[in-house]
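If you read the protein sequences in the order shown, they are chains E and W. Here our numbering is used: the first residue of the first sequence is 1, the next is one more, and so on. Here our numbering is used: the first residue of the second sequence is 1, the next is one more, and so on.
Simulated from the structure, these hints should not be mistaken for lab results. Be a bit skeptical, because a hint or two may be false.
In the EDC-like style, the derived pairs of lysine to aspartate or glutamate whose C-alpha atoms are separated by at most 20 Å in a straight line are [stated by the list, open to error]:
(1) E:K136 x E:E191
(2) W:K333 x W:D310
(3) E:K316 x W:D290
(4) E:K255 x W:E6
(5) W:K2 x E:D264
(6) E:K316 x W:D49
(7) W:K2 x E:D139
(8) W:K2 x E:D56
(9) E:K135 x E:E99
(10) E:K135 x E:E100
(11) W:K2 x E:E318
(12) W:K177 x W:D211
(13) E:K255 x E:E193
(14) W:K44 x E:E259
(15) E:K88 x E:D56
(16) W:K44 x E:D326
(17) W:K44 x E:D252
(18) E:K316 x E:D326
(19) W:K44 x E:E20
(20) W:K2 x E:E20
(21) E:K136 x W:D5
(22) W:K333 x E:E236
(23) W:K333 x E:E310
(24) E:K316 x E:E244
(25) E:K61 x E:E103
(26) E:K120 x E:D139
(27) E:K255 x W:D5
(28) W:K2 x E:E193
(29) E:K131 x E:E20
(30) W:K107 x E:D139
(31) W:K333 x E:E244
(32) W:K44 x E:E318
(33) W:K44 x E:E244
(34) E:K316 x W:D5
(35) W:K262 x W:D302
(36) W:K333 x E:E108
(37) E:K61 x E:E20
Here are a few chain E residues that sit away from chain W, every Cβ distance over 12 Å (derived from the structure) [as the list claims (entries may be wrong)]:
(38) R28
(39) K61
(40) A127
For each residue, glycine too, the CB sits at the ideal point set by N, CA and C.
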Amino acid sequence: MRNNGRIVLAHGGGGRLSRELIQNVMLRYFGNPILSALQDSATFNLTGNRLAFTTDSYTVKPLFFPGGDIGKLAMAGTINDLAVVGAKPLYLTCGLIIEEGFELSQLERILGSMQETALKAGVEVVAGDTKVVEKKGADQIFINTAGIGIIEEGRCLSPAGVEVGDRVIINGGLGEHEAAVISQRDGFDFETELVSDCAPLNDLIQSVLSVSRRVKWMRDPTRGGLAASLNELVEEKPFGIRIEESCIPVKDAVKGICELLGFDPLNMANEGKVVLVVAAEDTDKVLEVMQNHPLGVDSSIIGEIIPEPEGRVVLKTEVGGHRIVDMLLGEMLPRIC
Amino acid sequence: MKFVDEFRSSIAARRLAGEIKSVAGGTEITFMEVCGGHTIAIFKYGLRDLLPSGIRLISGPGCPVCVTNTGFIDRAAALSRLGGVTIVTFGDMIRVPGSSSSLGAEKARGADVRVVYSAMEAVAIAGENPDRKIVFLGIGFETTAPTIAATILQAELSGLSNFFVLSALKTMPNALKALVDGGDVGIQGFICPGHVSAVTGPGIYRFLVEDYGIPCVISGFEPTDLLQTILLLARQVVTGTAAVENQYTRTVKPDGNPLARKMMNAVFEPCEMEWRGLGRIPGSGLKLRDEFVRFDAHQHFDVEIEPTRDNPGCICGDVMRGARTPLECKLFKSVCTPDNPAGACMVSEEGTCATYYKYA
Numbered sequence: 001m002r003n004n005g006r007i008v009l010a011h012g013g014g015g016r017l018s019r020e021l022i023q024n025v026m027l028r029y030f031g032n033p034i035l036s037a038l039q040d041s042a043t044f045n046l047t048g049n050r051l052a053f054t055t056d057s058y059t060v061k062p063l064f065f066p067g068g069d070i071g072k073l074a075m076a077g078t079i080n081d082l083a084v085v086g087a088k089p090l091y092l093t094c095g096l097i098i099e100e101g102f103e104l105s106q107l108e109r110i111l112g113s114m115q116e117t118a119l120k121a122g123v124e125v126v127a128g129d130t131k132v133v134e135k136k137g138a139d140q141i142f143i144n145t146a147g148i149g150i151i152e153e154g155r156c157l158s159p160a161g162v163e164v165g166d167r168v169i170i171n172g173g174l175g176e177h178e179a180a181v182i183s184q185r186d187g188f189d190f191e192t193e194l195v196s197d198c199a200p201l202n203d204l205i206q207s208v209l210s211v212s213r214r215v216k217w218m219r220d221p222t223r224g225g226l227a228a229s230l231n232e233l234v235e236e237k238p239f240g241i242r243i244e245e246s247c248i249p250v251k252d253a254v255k256g257i258c259e260l261l262g263f264d265p266l267n268m269a270n271e272g273k274v275v276l277v278v279a280a281e282d283t284d285k286v287l288e289v290m291q292n293h294p295l296g297v298d299s300s301i302i303g304e305i306i307p308e309p310e311g312r313v314v315l316k317t318e319v320g321g322h323r324i325v326d327m328l329l330g331e332m333l334p335r336i337c
Numbered sequence: 001m002k003f004v005d006e007f008r009s010s011i012a013a014r015r016l017a018g019e020i021k022s023v024a025g026g027t028e029i030t031f032m033e034v035c036g037g038h039t040i041a042i043f044k045y046g047l048r049d050l051l052p053s054g055i056r057l058i059s060g061p062g063c064p065v066c067v068t069n070t071g072f073i074d075r076a077a078a079l080s081r082l083g084g085v086t087i088v089t090f091g092d093m094i095r096v097p098g099s100s101s102s103l104g105a106e107k108a109r110g111a112d113v114r115v116v117y118s119a120m121e122a123v124a125i126a127g128e129n130p131d132r133k134i135v136f137l138g139i140g141f142e143t144t145a146p147t148i149a150a151t152i153l154q155a156e157l158s159g160l161s162n163f164f165v166l167s168a169l170k171t172m173p174n175a176l177k178a179l180v181d182g183g184d185v186g187i188q189g190f191i192c193p194g195h196v197s198a199v200t201g202p203g204i205y206r207f208l209v210e211d212y213g214i215p216c217v218i219s220g221f222e223p224t225d226l227l228q229t230i231l232l233l234a235r236q237v238v239t240g241t242a243a244v245e246n247q248y249t250r251t252v253k254p255d256g257n258p259l260a261r262k263m264m265n266a267v268f269e270p271c272e273m274e275w276r277g278l279g280r281i282p283g284s285g286l287k288l289r290d291e292f293v294r295f296d297a298h299q300h301f302d303v304e305i306e307p308t309r310d311n312p313g314c315i316c317g318d319v320m321r322g323a324r325t326p327l328e329c330k331l332f333k334s335v336c337t338p339d340n341p342a343g344a345c346m347v348s349e350e351g352t353c354a355t356y357y358k359y360a
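Just chain E, same shape as in the assembly:
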């Protein structure tokens, strides 16, 4: 390609360069019969009881981090949003907003990892759009993905089904994505083996749903972390949640970063975690299936639904005290001393 291997405004202009970008680059990564028709809309048949439909935009900095990049994140994030409502993800769209001058090789690296993630999750990218904005009009690249999935007949996940005694389960350690990204930010030179947990969870979730019809609620605890997800569940509900600090998996490398910066793993973002509320009688088999899945080896029962205090999340601390776990307000800021 011309242009010194960089994205120029004309790549988003709708003319020949746009066409070249789509045919020579996009289709190379996302080619499939639906997309390759290159119509104004993707057209396909869907059969199912109920559909799930979602969208999310991704703006991570740095674009490439240990364990993933913005492309993997954009696919996994939307796939996971579909999977946690009990849907089987099928088709995704990919909208790119690219800053003029962005290197084509970087774009291809991102598209490659989107392709790999899509393949792994068994989904297809069937529609897309590219806009190029002037230098400083965007920070390198922003990605939006929307996704559609089908929900199997008879499956109903709803907080209305949650009752006292249900167990809370998570598929592994907290905070790995946020800690991995922070460790790469300007101002830090952490030497760490940390990698982001960024991964599509649809296969893990399908395995769980195939053995239990008593999974009542699921959420992927991304920004705001486990604390935000659990608080959203209990808000204005006639029950609370008690979680036990000693049961919550957190890798030492994440703990280390939290100790240094004064962060709390409960508030940190995850991109490959799912928290489930499951009826007590199904807990063992759900846990077994999860622990046998590569993305759930460290799965653990971390708490249960309790009658009091209503609408609150309570943590039993390692030393045996109790405290309220609230949502984080605004951004986590490092403490001074």
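We have chain E; now place chain W onto it with these hints.
Showing chain W alone in chain E's frame:
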């Protein structure tokens, strides 16, 4: 995690809690934890659940953001509005409300306000931006003062003429004295700040023991540290003794950190300082010495500051002295929340009001 889990052992915690109970029994005792980091740890680990009901813990003036007075925020906001000035600060400061503005609000209006994790980053920013004047907000106690002194020494070494520090640095001893002289709080023992003591050494608390007969124990920040500290304090109270004890021996040495103090004293000298909640206290602040005056933002910039206005309902001052708790403030949780703070105690992670809001 090694060197962390050991200090959070539930077995050790229960044993210490048992000992505290057998020493203190039902006696009513009031201790003050001076440092905001201790307040957080007490709530975060739910330590009050483990203590006998007679032991009351009150939070003191040891959160550097919280004790920063409104006038300082107003001055920083005014500086940020000057052309060519970049304000560099630790994170919490951007949300502290001034009289009519905050650094966050100025940033949203286009001012160049940057958050850093280390004071030394401010010097780097000055090096990279020779056409701008970089003002670092020097807040904190003896813990951060040496690192800020180091930035000035570094700026001098690098020949920077565009680096300035706006100092509101504070020192502990005279503030503690003012607190005790105030007399309305009834403190029977101090849980003394660990990181301040790591720099100063335990000597700075001797006057509390000798002149006022108040037990002092320097504490670490892990749950078993704090429980052991409370045990040591309770023993002193019950036996009627008063001494400075050091629970945090793995960090606080008998002579503190002489090198850090040397840097601090080379750059700064004591001055009168205004504390939110405690007022003006002689010899409780640090200002730049004459030989470093060219780095002093107070001297270099001539800006007009708006008349200081605090929210009249805010009782941050009393909270900071431990005279009242956030629960006694009528703004708490209604008007004043972490995303819309009326006073500084609600802003900082370490602020008493923010901690009560989050955990209590």
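Hints and how they fare:
1. Distance hint between E:K136 and E:E191 is unfulfilled; the C-alpha atoms sit about 31 Å from each other, more than 20 Å.
2. For the given pair, W:K333 sits about 18 Å from W:D310 by alpha-carbon distance, which is consistent with the 20 Å threshold.
3. Distance restraint check for E:K316 and W:D290: the Cα-Cα separation of roughly 53 Å exceeds the 20 Å cut-off, and the hinted pair is therefore not satisfied.
4. Between E:K255 and W:E6 the CA atoms are separated by roughly 14 Å; this keeps the pair inside 20 Å, and the hint holds.
5. Annotation: proposed proximity of W:K2 to E:D264 holds, straight-line Cα distance about 18 Å (limit 20 Å).
6. Taking the CA atoms of E:K316 and W:D49, the gap is about 11 Å. The hint holds against a cut of 20 Å.
7. Under the criterion of a C-alpha separation no larger than 20 Å, the hint pairing W:K2 with E:D139 is inconsistent with the structure, at around 40 Å.
8. Taking the CA atoms of W:K2 and E:D56, the gap is near 39 Å; set against the 20 Å cutoff, the hint is violated.
9. This hinted pair checks out: E:K135 and E:E99 have alpha carbons roughly 6 Å apart, not beyond 20 Å.
10. Using a Cα cut-off of 20 Å, the hinted pair E:K135 and E:E100 holds, with the two alpha carbons roughly 5 Å apart.
11. About 15 Å separates the Cα atoms of W:K2 and E:E318, which keeps this hinted pair within 20 Å; it holds.
12. Between W:K177 and W:D211 the alpha-carbon distance is near 10 Å, which keeps this suggested pair within the 20 Å criterion.
13. In summary, the hint linking E:K255 to E:E193 is supported, as the alpha carbons are separated by about 13 Å, within the 20 Å threshold.
14. Distance check on the hinted pair: W:K44 and E:E259 sit about 13 Å apart at the alpha-carbon level, within 20 Å; holds.
15. A distance of roughly 17 Å separates the Cα atoms of E:K88 and E:D56; the hinted pair therefore holds under the 20 Å criterion.
16. Between W:K44 and E:D326 the alpha-carbon distance is near 12 Å, which keeps this suggested pair within the 20 Å criterion.
17. For the suggested pair W:K44 and E:D252, the alpha carbons sit about 19 Å apart, so the restraint of at most 20 Å is met.
18. At most 20 Å may separate the alpha-carbon atoms for a hinted pair to count; E:K316 and E:D326 meet this at roughly 14 Å.
19. Between the alpha carbons of W:K44 and E:E20 the distance comes to roughly 57 Å, so the proposed pair goes past 20 Å and is violated.
20. Between W:K2 and E:E20 the alpha-carbon distance is near 56 Å, which puts this suggested pair outside the 20 Å criterion.
21. A threshold of 20 Å between alpha carbons decides the hint, and for E:K136 with W:D5 the separation of about 46 Å lies outside it, so the pair is violated.
22. About 18 Å separates the Cα atoms of W:K333 and E:E236, which keeps this hinted pair within 20 Å; it holds.
23. A threshold of 20 Å between alpha carbons decides the hint, and for W:K333 with E:E310 the separation of about 19 Å falls inside it, so the pair holds.
24. A threshold of 20 Å between alpha carbons decides the hint, and for E:K316 with E:E244 the separation of about 5 Å falls inside it, so the pair holds.
25. Restraint check for E:K61 and E:E103: the C-alpha separation of about 16 Å stays at or below 20 Å, so the hint holds.
26. Restraint check for E:K120 and E:D139: the C-alpha separation of about 29 Å exceeds 20 Å, so the hint is violated.
27. Using a Cα cut-off of 20 Å, the hinted pair E:K255 and W:D5 holds, with the two alpha carbons roughly 10 Å apart.
28. Proposed proximity of W:K2 and E:E193 is supported: the alpha carbons are some 17 Å apart, at most 20 Å.
29. Annotation: proposed proximity of E:K131 to E:E20 holds, straight-line Cα distance about 14 Å (limit 20 Å).
30. A hinted pair counts as satisfied when its Cα atoms are at most 20 Å apart, and W:K107 with E:D139 qualifies at roughly 19 Å.
31. Straight-line distance between C-alpha atoms of W:K333 and E:E244 comes to about 27 Å, which puts the hinted pair past the 20 Å bound.
32. Between W:K44 and E:E318, the direct Cα distance comes to roughly 10 Å. Compliance with the 20 Å bound is thereby established for this hinted pair.
33. A C-alpha spacing of about 13 Å is found between W:K44 and E:E244, which places the hinted pair at or below 20 Å, so the restraint holds.
34. A distance of roughly 16 Å separates the Cα atoms of E:K316 and W:D5; the hinted pair therefore holds under the 20 Å criterion.
35. Note on W:K262 and W:D302: the hinted pairing is violated, with a Cα-Cα distance of about 31 Å set against a maximum of 20 Å.
36. Only pairs whose Cα atoms come within 20 Å are accepted, and W:K333 paired with E:E108 is rejected, the gap being roughly 50 Å.
37. A hinted pair counts as satisfied when its Cα atoms are at most 20 Å apart, and E:K61 with E:E20 does not qualify at roughly 28 Å.
38. The beta carbon of E:R28 sits about 40 Å from the closest Cβ of chain W, which is more than 12 Å, so the claim that it is off the interface holds.
39. Here E:K61 stays apart from chain W, with its beta-carbon at least about 14 Å from theirs, past the 12 Å limit.
40. With a minimum CB-CB distance of about 36 Å to chain W, E:A127 clears the 12 Å threshold, and the non-interface call stands.
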